[in-house]
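Protein chains in written order, with our numbering: chain A, 60 to 378; chain B, 60 to 378; chain C, 60 to 378; chain D, 60 to 378; chain E, 60 to 378; chain F, 60 to 378.
What the hints contain is simulated information worked out from the structure, not anything from laboratory work.
Values in this document were obtained by computation on a predicted structure and should not be read as measured data.
Every residue gets a Cβ at the ideal spot worked out from N, C-alpha and C, and that includes glycine.
Any given hint could turn out to be false.
From the derived model, a few chain B residues whose C-beta atoms are all more than 12 Å from chain F [to be verified]:
1) 60
2) 196
3) 230
4) 258
5) 363
With the C-beta cut set under 8 Å, the calculated list includes, among others, these residues of chain E facing chain D [said to hold, decoys possible]:
6) 109
7) 281
8) 302
9) 317
Below, simulated DSS-like cross-link-like pairs (lysine-lysine); rule was C-alpha separation at most 25 Å, straight line [unchecked claim]:
10) A:93 with E:61
11) B:93 with F:205
12) E:358 with A:358
13) B:93 with D:345
14) D:358 with F:358
15) C:93 with A:93
16) A:358 with C:345
17) A:205 with A:93
18) A:358 with C:61
19) E:61 with E:93
20) D:358 with D:345
21) F:345 with B:358
22) A:61 with A:205
23) D:93 with F:93
24) C:358 with E:358
25) E:205 with C:358
26) C:61 with C:93
27) B:358 with F:61
Protein chains: 6
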Amino acid sequence: MKVREFADGCEVAQPLLVRDLDVRHRREGGEYLKLVLADRTGGVAAVVSDEIDRAREVCRPGEVIHVTGRYSRRQLTIESVRAAVSSEYSIDDLLDGPGRDVEQMEADLRALIGTVQNPHLRRLLAVMFGEGTPIWALYRDAPAAKHYHQAYRHGLLEHCLTVAQAVGAISATFPGIDRDIAVTGALLHDIGKLEAYEVQGGAISMSDHGRLHGEIALGYFRVRRAIELLDGFPPDLAQALLHIILSHHGSLEHGSPVVPCTREATLVHMIDNLGGRLGSFDRVEKELPAGEHWSVYDKGIGAGAYFASRSDEAEREAA
Amino acid sequence: MKVREFADGCEVAQPLLVRDLDVRHRREGGEYLKLVLADRTGGVAAVVSDEIDRAREVCRPGEVIHVTGRYSRRQLTIESVRAAVSSEYSIDDLLDGPGRDVEQMEADLRALIGTVQNPHLRRLLAVMFGEGTPIWALYRDAPAAKHYHQAYRHGLLEHCLTVAQAVGAISATFPGIDRDIAVTGALLHDIGKLEAYEVQGGAISMSDHGRLHGEIALGYFRVRRAIELLDGFPPDLAQALLHIILSHHGSLEHGSPVVPCTREATLVHMIDNLGGRLGSFDRVEKELPAGEHWSVYDKGIGAGAYFASRSDEAEREAA
Amino acid sequence: MKVREFADGCEVAQPLLVRDLDVRHRREGGEYLKLVLADRTGGVAAVVSDEIDRAREVCRPGEVIHVTGRYSRRQLTIESVRAAVSSEYSIDDLLDGPGRDVEQMEADLRALIGTVQNPHLRRLLAVMFGEGTPIWALYRDAPAAKHYHQAYRHGLLEHCLTVAQAVGAISATFPGIDRDIAVTGALLHDIGKLEAYEVQGGAISMSDHGRLHGEIALGYFRVRRAIELLDGFPPDLAQALLHIILSHHGSLEHGSPVVPCTREATLVHMIDNLGGRLGSFDRVEKELPAGEHWSVYDKGIGAGAYFASRSDEAEREAA
Amino acid sequence: MKVREFADGCEVAQPLLVRDLDVRHRREGGEYLKLVLADRTGGVAAVVSDEIDRAREVCRPGEVIHVTGRYSRRQLTIESVRAAVSSEYSIDDLLDGPGRDVEQMEADLRALIGTVQNPHLRRLLAVMFGEGTPIWALYRDAPAAKHYHQAYRHGLLEHCLTVAQAVGAISATFPGIDRDIAVTGALLHDIGKLEAYEVQGGAISMSDHGRLHGEIALGYFRVRRAIELLDGFPPDLAQALLHIILSHHGSLEHGSPVVPCTREATLVHMIDNLGGRLGSFDRVEKELPAGEHWSVYDKGIGAGAYFASRSDEAEREAA
Amino acid sequence: MKVREFADGCEVAQPLLVRDLDVRHRREGGEYLKLVLADRTGGVAAVVSDEIDRAREVCRPGEVIHVTGRYSRRQLTIESVRAAVSSEYSIDDLLDGPGRDVEQMEADLRALIGTVQNPHLRRLLAVMFGEGTPIWALYRDAPAAKHYHQAYRHGLLEHCLTVAQAVGAISATFPGIDRDIAVTGALLHDIGKLEAYEVQGGAISMSDHGRLHGEIALGYFRVRRAIELLDGFPPDLAQALLHIILSHHGSLEHGSPVVPCTREATLVHMIDNLGGRLGSFDRVEKELPAGEHWSVYDKGIGAGAYFASRSDEAEREAA
Amino acid sequence: MKVREFADGCEVAQPLLVRDLDVRHRREGGEYLKLVLADRTGGVAAVVSDEIDRAREVCRPGEVIHVTGRYSRRQLTIESVRAAVSSEYSIDDLLDGPGRDVEQMEADLRALIGTVQNPHLRRLLAVMFGEGTPIWALYRDAPAAKHYHQAYRHGLLEHCLTVAQAVGAISATFPGIDRDIAVTGALLHDIGKLEAYEVQGGAISMSDHGRLHGEIALGYFRVRRAIELLDGFPPDLAQALLHIILSHHGSLEHGSPVVPCTREATLVHMIDNLGGRLGSFDRVEKELPAGEHWSVYDKGIGAGAYFASRSDEAEREAA
């Protein structure tokens, strides 16, 4: 049974991935384990009350376990737990991930890069995203966030590619935009996240660097250094590109040290924002119980989200 | 000579349109006339110090006058002024307007409407934009704003069409969006401006209705009434569409009584915002003296705007 | 025993109304029921730990149950529960409600309406509040809010009447106020709440309409439509009245699409505010344990409230 | 001719009061005088360009001068000026002031004080407002503000009396309010303004004390000292009253060191606010040219004010 | 074992001070005791589940108890508890307190006062801090806060002394500062806290006076009264000093009714702020588990705090 | 005569430095020159109305001119102007500058650097501030701002030195501060200003880099690059130092992409703030006319500043 199909009262007996583990006090003394278990279709809270020392050794974040228990009121009460054997599951059914295939995304990325005309930007993109380069290996795998949107492997690629595609598509609709700069800026805007996040056993956390320097300064440094190592890169072009990275949060209070002063920086900032906001709708809808139309208040949306007709329900019916 | 070609020290003798007239005090007593004159390429401040009573009769907003004088430091000091005769000018060279031809825009609009599949929305769009309907006549001509972007005849059509085209183009990039609702919402989002603005002799001002009710409530009422007169319009569809109109300013503090709770409302709001912001770059660049790269602080952009290479200069060279 | 008289350690055995029911997890697995029980004098949290499946069928919101248990630390631990029989209680002792008798409020309302001189406003008030009209039937019964003040049957009538009476009383103190417009605006300002809230079995919730359109747009539409159906209603009068409805939240960030620009709109907004704030004092005092002077921080007041001498204690002593 | 009757193009020759004088540079060198002249019905900007040294000696703030000149575009260009002789004018026609007669206000104040029952508050009010006491003499004459509302002699009395009357009237409408405390608090809430403002020759300015200590701390100190000198004043009563003074600005960001935590403090704060806001409408309407319905944006109102029918026009027609 | 040395899994059997006691519900019915126990090195949460009625009598805030139990996940699960006998502990090991010895602080204070030259300020300081005066007795013992920094006996002295020392040290670095005024203002700035807080059995709470008047008004009144009783105190000096007290929160929204307008007030405000912020680092570091570098988000710091090398670890190693 | 001694009505005939030149329109047509002239003691507005073409060639920013004219109402009306000859003036009397001698500041800087113990930081400081290095040459001369504080040659050195001295002095007062990191951070915090400002002929403006990247990112890049070129610089130390630079504005809305998370970053931020605020007092006092105690509202102070006794007056008397 897929996690998103769990319904009140159903009995569960299957392999699931451990995303998070917490040892909690009972308020009145004693302890229990609080887990987040998941497959590709979603996550579920779970508790273990008995033999927690033994369970604790099994339920390490990033591991696959086999559990039996009862699901009710959005929580799984675990009756038995053991390590899963690899023949019991396919890891691809358990890991969350992008809606698109990673090979497809890479192909789309290379196609998009192929539309960039400016030779200097092409050189820079080759340095950053060239097949076999170390940066590309990191970029291809990194998550885009800790919580909000695309908080999974390949999430950064998915996010930046989507923003860059939308930026590319819309560049012609409005006058005066340098499409090459805008698309390159969109592909590179979040590159500081390579250093700002750490991924350990499927768990995503901010690095010390991420917290003390911030992803914007980290991305600025990396791209400015890469440009300095390219002979004859035009200073004006460098300036325009770095301005996109520095200003892409859109305002000081959102952490950009400068605000967007150019059309290209404005475009990347606003499409990045749009992508994040619509990504929050995706995340919220995924977690919404079947039959409900309103989510609870979501910080990423700034409201409860409303889904008139549920796309997942249509899908299920079709299935 | 086109207004945007005026340079320090040049002598001017030509017909220009009067956009605005103000009788001002000299600080130390006496009066002078402060004008805004314009042709299609831009506007210029001008002053008349002598025989102002006679000049005042000639320089009515909306009229075309013939002036001689000297341009310096962004101001035209008028030496003589008279009414222009119609053989001296072509009105199309003098009126500001959209970048696109109105017939072309109408054709684009009808093409876009043709892509809407939902029969109820098609019926509604026919009521609002059908050729020969009174609403269409108003909508085709109305300005989009008093000051900021597209503050000229056909401006509303230009703005809504651009937003709707961009919304249509981007709908496929992100999952879960009902394109028909989003495009229809984009076309109708600003329809309250028909009542909110008054155009008199080329001057645009807010109506009492616009100030006391606001364009959002006016648009909501108009569309909800139109829907009520259509038999069998699905209530859910009405709700979704009206929510776009009500929430398109994006937040309470920007005047929407509700915030966007659906993907479609989020999309229309954010592309509307993007269109307005990029439109401010267009407006600012138009007024920027040749050779300058930075504008003064602009409220619509939230910063001074920077233009690395000036598109107008490229154009001129090409010409 | 009345709920507000419950004291630490007392044994409870009596009928109470179920206001709210929630099935909760124990943190360490298993479930229990969390209830809000109430009589007219207040509400109390309660828990059921045993036989929760049976209890769950009995404890439906809106039903009256008979419980035994022990009250301590502001919570009732239920030992036994069954459906109450109607001979055991009088429903009027159990339902929360306005401080004033509904017949008295209706009489007061009709008296206040009788003081309005303007014939057009009198016609409008007859349409909205005429005895036997469907709107009046709804208006008379509707609650004024989900949580904050007057969140009970007849609450809307109580709130609007109070605001309108205060507005009427104070109109003469300040110069330049059109009392008829102000009083009519006060009576109608919240009429959008008829569609914005849904009442089901004593539970109040926001409707989809309320969330997607907002009470202000709903009220604006209803009153503007009603006016359009009245022959010869002066447009200026309509504009002034509708402006009160649209602006009564006082500022954009509180959800009004326009801010009050007239004396009458300013007056209704500020007395509405005052009424809400003082209503929060009433609500907070009702729930304050005997002997305490300070409430916890209350969002409606923006502070903890202080009650130097407690009116309820005086009452009890008098009783 | 009254100042509010000045119309474009009219010739002026009459006595007027000098409210303000400023020596200004012409931008291109040289000087001129900028005056604010006034009678009881309003103020008018005026300029003197010739013989300014002589004019400067005549046009001292607080003095009455006789001017001839021409009024146009809201400014009076003065052709000749001399000191007025006292037989030429009645000072009461020239000084701005409250809408009500000061003797009437004093009588209303004493009547209102007479309704206060609490003997301790009566003693305190006798100390502060007793006929012949030095505080009363100051209070009776002081202005309520420098610019906004009631910025004239007797303005403080007018403002506090109005607020206290409204508070008294409305105390019965809402439950749980101690009318004696609320009315006394309303009468005393602004008493710190006695030290915070200085009046010199008709010009109102803030004192050093007012700027360095603030009117709230000054009022708190004065009333707390007065209470300490009264034997047997109940500490709870003192606390409640002083809380009203300290919190009457309603929030920290408006300069109250504490926010209103009691019903009485909430009531005084909000009616004080209402009085100020409606007072701004009065001030704005007074200065609005005949025939106009919209004022410019007014900081005290937070919007442009709209006057559908102008009360002054009705008055004039009646005259 | 010291509290800060408690580590996961260790068994505890020792005397500890009760700082706080709360009787809590188990969510599913029944009660347990939630305690905060402490020694001088820190505090620890603890729970009692059995025989809570008996335990409740023993565990009164301010008392010393002897407990046995097991520490895990930052909580102590108590197995047995009894009153401690005085021979079992030294109270100085259990009470939290300043980092410096109180006698040393008093000596430092007197030394600092000795550097003040102005005779009037010396007289005032003698009244407030003279040995044997009642104010000094209170000041010496009072805490500086309820929660944030220096929330313990002698905390006010510690805080004010530190601020005054830093102010004194830095006065020479910047031009134009009157050191005597600045140092005296620093010593007196928080004196309103004497009335704003109540200490009962080791528990610190705000008094009614503190909540209804605020510490700033209380301090202002006390110092202004003290000055009035000194003959010949220069009014300008009084004004400058009282301005420091009134403005030391730095802005209206932080509760100062006036903002700092003088160099001395600016200096005291900003060093007070710095002291509070750095004090929050101290508090946060004290509670941070060994081996961790990041604290959770702290409201006093406005971020999570980062400790690269932990000073306590260095200390321990050195010990 | 020194500029700060200019008094109403005095005749001026002397050399002055041109700080700023603007060609302005007379409102009613024609042009005049608006100048800012200065000597070391302050600046003065001045106008030229006649022969402006000739005057314009003489009055270039950065040049010294000889003027005659009349000073009145804070403006100098120029009657004649010519280039000054070098024998007429000493440039040191005309240039604004720090209160301290630059050689003395350099000596103080080297002394302060000498107190830094950490060898890695010493190496870094040698690279940045070593005598004869190109960075030092720039740093020594750069201004600290365009307008607010220390907007003159050597201003950056003066500002950073003062902050670093104060940081050094206060490091011992509070526990847990690494003085070496704090002092080095204070010296380097504003180093991005080297690229963010351009100085041309005495006029200070922001560079394109300054506007598009911001001084914080520029400083971060420069220091991080410098560190990368030093062998064996400890990563933790680099991180701590760079965090100070990135966070020294103290909050996102003031342009820091991260907020201070360490004691050292908190200290540098707050002393930087204090230095800026007190520097605004210096600037305001300098421009305050003799005999006045209150400045107008100053954005850097957030209030009007009050100067009880004027230090300049004392100085003059002493002179």
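Verification of the hints:
no., hint, verdict
1, 60, "20 Å, holds"
2, 196, "42 Å, holds"
3, 230, "33 Å, holds"
4, 258, "29 Å, holds"
5, 363, "7 Å, violated"
6, 109, "41 Å, violated"
7, 281, "11 Å, violated"
8, 302, "4 Å, holds"
9, 317, "4 Å, holds"
10, A:93 with E:61, "30 Å, violated"
11, B:93 with F:205, "34 Å, violated"
12, E:358 with A:358, "20 Å, holds"
13, B:93 with D:345, "28 Å, violated"
14, D:358 with F:358, "19 Å, holds"
15, C:93 with A:93, "21 Å, holds"
16, A:358 with C:345, "33 Å, violated"
17, A:205 with A:93, "19 Å, holds"
18, A:358 with C:61, "41 Å, violated"
19, E:61 with E:93, "20 Å, holds"
20, D:358 with D:345, "16 Å, holds"
21, F:345 with B:358, "33 Å, violated"
22, A:61 with A:205, "24 Å, holds"
23, D:93 with F:93, "21 Å, holds"
24, C:358 with E:358, "19 Å, holds"
25, E:205 with C:358, "22 Å, holds"
26, C:61 with C:93, "20 Å, holds"
27, B:358 with F:61, "41 Å, violated"
Of the numbered hints listed earlier, those contradicted by the structure are 5, 6, 7, 10, 11, 13, 16, 18, 21 and 27.
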